[in-house]
Every structure is written in structure tokens, then in C-alpha cells.
Amino acid sequence: MKLYNVEDNYVDFLKTFDSKVPDNKIEKRPFVGVVFTISGYNFFAPLSSPKLKHRRMSNAADFHKINGGSQGAINFNNMIPIPNSELILIDIDNITDEDYKNLLNSQLRFINSVQEILKKKAEKLYRLVGSDDRILSNNQIKIKQRCINFGLLQEKMQEFK
Numbered sequence: 036m037k038l039y040n041v042e043d044n045y046v047d048f049l050k051t052f053d054s055k056v057p058d059n060k061i062e063k064r065p066f067v068g069v070v071f072t073i074s075g076y077n078f079f080a081p082l083s084s085p086k087l088k089h090r091r092m093s094n095a096a097d098f099h100k101i102n103g104g105s106q107g108a109i110n111f112n113n114m115i116p117i118p119n120s121e122l123i124l125i126d127i128d129n130i131t132d133e134d135y136k137n138l139l140n141s142q143l144r145f146i147n148s149v150q151e152i153l154k155k156k157a158e159k160l161y162r163l164v165g166s167d168d169r170i171l172s173n174n175q176i177k178i179k180q181r182c183i184n185f186g187l188l189q190e191k192m193q194e195f196k
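Each number in this note's numbering corresponds to the 1-based position in the sequence shown with 35 added.
Hints may contain errors.
As the list claims (entries may be wrong) - Mimicking EDC-like on lysine to aspartate or glutamate, the simulated pairs with C-alpha atoms at most 20 Å apart in a straight line are:
1) Lys86 with Asp47
2) Lys191 with Asp53
3) Lys60 with Asp47
4) Lys196 with Asp53
5) Lys60 with Glu158
6) Lys86 with Asp134
7) Lys179 with Glu190
8) Lys177 with Glu190
9) Lys50 with Glu194
10) Lys196 with Asp47
11) Lys37 with Asp53
12) Lys179 with Glu42
13) Lys136 with Asp126
14) Lys100 with Glu151
15) Lys55 with Glu151
16) Lys37 with Glu133
17) Lys179 with Glu158
18) Lys50 with Glu190
19) Lys191 with Asp47
20) Lys37 with Asp167
21) Lys177 with Asp53
22) Lys37 with Glu190
23) Lys177 with Glu158
24) Lys86 with Glu194
25) Lys60 with Asp132
26) Lys196 with Glu42
27) Lys100 with Glu42
28) Lys154 with Asp134
The hints are simulated quantities; they were obtained by calculation from the structure and are not laboratory data. Values in this document were obtained by computation on a predicted structure and should not be read as measured data.
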């Protein structure tokens with residue numbers, strides 16, 4: 036797997052349809068994430084920078100800690116469908132901030148070591164979010180409510196120019 040950024044205008048476009056789409060802060064902290072293919076669509080799952088709370092949190096259906104949370108997490112609840120044209124491959128070798136470069140390399144090594152687990156988690160969450168609430172448990176409904184509306188954004192992605 037590889038790490039990517041996302042074009043600002045695409046994130047802004049999606050935010051007009053779902054307020055849960057996080058901001059893409061180019062100057063401070065751009066979207067950095069990995070891409071999974073689910074039901075024929077590419078989905079970009081953003082990484083979260085390391086936070087103390089990640090160490091206390093448990094992995095969940097929509098969240099996966101990177102190296103025990105010490106190096107951030109993957110926020111599956113914020114996955115967005117994305118056309119290849121809106122992905123920007125991150126060239127880690129050209130990053131001048133050594134600490135950030137080391138963090139990204141370490142995150143990528145971890146992600147690649149468990150990529151099948153992560154892909155299954157992304158697919159399972161995608162199915163859960165597309166499910167009728169009447170067949171879901173209360174816990175599953177809470178998870179679904181934290182997630183972006185994947186189906187709606189898939190439709191809107193087709194309209195993006």
C-alpha cells in the first residue's frame with residue numbers, strides 16, 4: 036500500500052453533501068491516508084496523527100490504531116470514495132522534516148504488515164453503513180452514525196468534474 040494526499044477541491048465538493056467529511060488542511064495537516072478498493076470503488080481512509088487518547092482507545096469497527104496508537108490511527112469512519120485523479124501520491128523520500136518522514140515510514144510499514152486485516156475491516160464497515168438500521172444492533176447503529184454516508188458520496192463522486 037502507499038500513502039496519499041487528496042486534492043482540496045474534491046474534499047470541499049464532498050463536504051457540501053456530508054458535513055462529516057473532515058477538512059483538508061494543506062498548510063497544517065493535509066489528509067494523509069491509504070486507499071482500499073470496495074465494490075469497485077476506491078476509498079481513501081485518512082490517518083490520524085498520534086494522540087495520547089489513541090493509546091487508551093480500543094480498535095473498533097471504524098477505527099484502527101497504528102502501532103498501539105503511538106503512531107496514530109486509521110479513521111475508517113471518514114473513508115471517502117475517490118477517483119484516481121484526486122489522489123496525490125506522497126513521496127516520503129522527498130519529505131525534509133525527518134521526524135515526519137520517520138513517522139510516515141513507520142505508519143506505512145505497519146499498514147503493509149496488516150493490510151489484509153485493514154481491507155476486511157474497511158469492507159465490513161462499508162457493508163454495515165449500507166445496511167438497514169432495522170437489522171442492526173444498537174452498537175452497530177452508533178457506529179453507522181459516526182460514519183460518512185458512503186453510498187451518497189459514491190453517487191456524488193460520479194458528478195464531480
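A quick look at each hint next to the structure:
A threshold of 20 Å between alpha carbons decides the hint, and for Lys86 with Asp47 the separation of about 26 Å lies outside it, so the pair is violated. Simply put, Lys191 and Asp53 have alpha-carbon atoms about 10 Å apart, close enough for the 20 Å limit, and the pair holds. With a CA separation close to 11 Å, the supplied pair Lys60 and Asp47 stays within the 20 Å bound. Among the hinted pairs, Lys196 with Asp53 is consistent with the structure: their alpha-carbon atoms are about 18 Å apart, no more than 20 Å.
Our distance criterion of 20 Å between C-alpha atoms is broken by Lys60 and Glu158, whose separation comes to about 27 Å. Distance hint between Lys86 and Asp134 is fulfilled; the C-alpha atoms sit about 15 Å from each other, no more than 20 Å. In summary, the hint linking Lys179 to Glu190 is supported, as the alpha carbons are separated by about 18 Å, within the 20 Å threshold. For a cut-off of 20 Å, the pair hint linking Lys177 to Glu190 is broken: about 24 Å separates their Cα positions.
The suggested pairing of Lys50 with Glu194 holds, with an alpha-carbon distance near 14 Å, which does not exceed 20 Å. Between Lys196 and Asp47 the alpha-carbon distance is near 13 Å, which keeps this suggested pair within the 20 Å criterion. Proposed proximity of Lys37 and Asp53 is contradicted: the alpha carbons are some 26 Å apart, above 20 Å. Annotation: proposed proximity of Lys179 to Glu42 is violated, straight-line Cα distance about 26 Å (limit 20 Å).
With a C-alpha separation of about 10 Å, the suggested pairing of Lys136 with Asp126 holds against the 20 Å cut-off. Among the hinted pairs, Lys100 with Glu151 is consistent with the structure: their alpha-carbon atoms are about 15 Å apart, no more than 20 Å. A C-alpha spacing of about 26 Å is found between Lys55 and Glu151, which places the hinted pair above 20 Å, so the restraint is violated. Annotation: proposed proximity of Lys37 to Glu133 holds, straight-line Cα distance about 19 Å (limit 20 Å).
A hinted pair counts as satisfied when its Cα atoms are at most 20 Å apart, and Lys179 with Glu158 qualifies at roughly 13 Å. A hinted pair counts as satisfied when its Cα atoms are at most 20 Å apart, and Lys50 with Glu190 qualifies at roughly 14 Å. Annotation: proposed proximity of Lys191 to Asp47 holds, straight-line Cα distance about 12 Å (limit 20 Å). Only pairs whose Cα atoms come within 20 Å are accepted, and Lys37 paired with Asp167 is rejected, the gap being roughly 33 Å.
The hinted pair formed by Lys177 and Asp53 meets the criterion: a straight-line CA distance of about 17 Å does not exceed 20 Å. Note on Lys37 and Glu190: the hinted pairing is violated, with a Cα-Cα distance of about 25 Å set against a maximum of 20 Å. Restraint check: the Cα-Cα separation between Lys177 and Glu158 comes to about 18 Å, which is no more than 20 Å; the hinted pair holds. With a CA separation close to 36 Å, the supplied pair Lys86 and Glu194 exceeds the 20 Å bound.
Annotation: proposed proximity of Lys60 to Asp132 holds, straight-line Cα distance about 17 Å (limit 20 Å). Of the supplied pair hints, the one linking Lys196 and Glu42 holds, its CA atoms being roughly 12 Å apart against a limit of 20 Å. A hinted pair counts as satisfied when its Cα atoms are at most 20 Å apart, and Lys100 with Glu42 does not qualify at roughly 25 Å. This hinted pair does not check out: Lys154 and Asp134 have alpha carbons roughly 28 Å apart, beyond 20 Å.
In summary, the structure is inconsistent with hints 1, 5, 8, 11, 12, 15, 20, 22, 24, 27 and 28 from the numbered list given earlier, while agreeing with the others.
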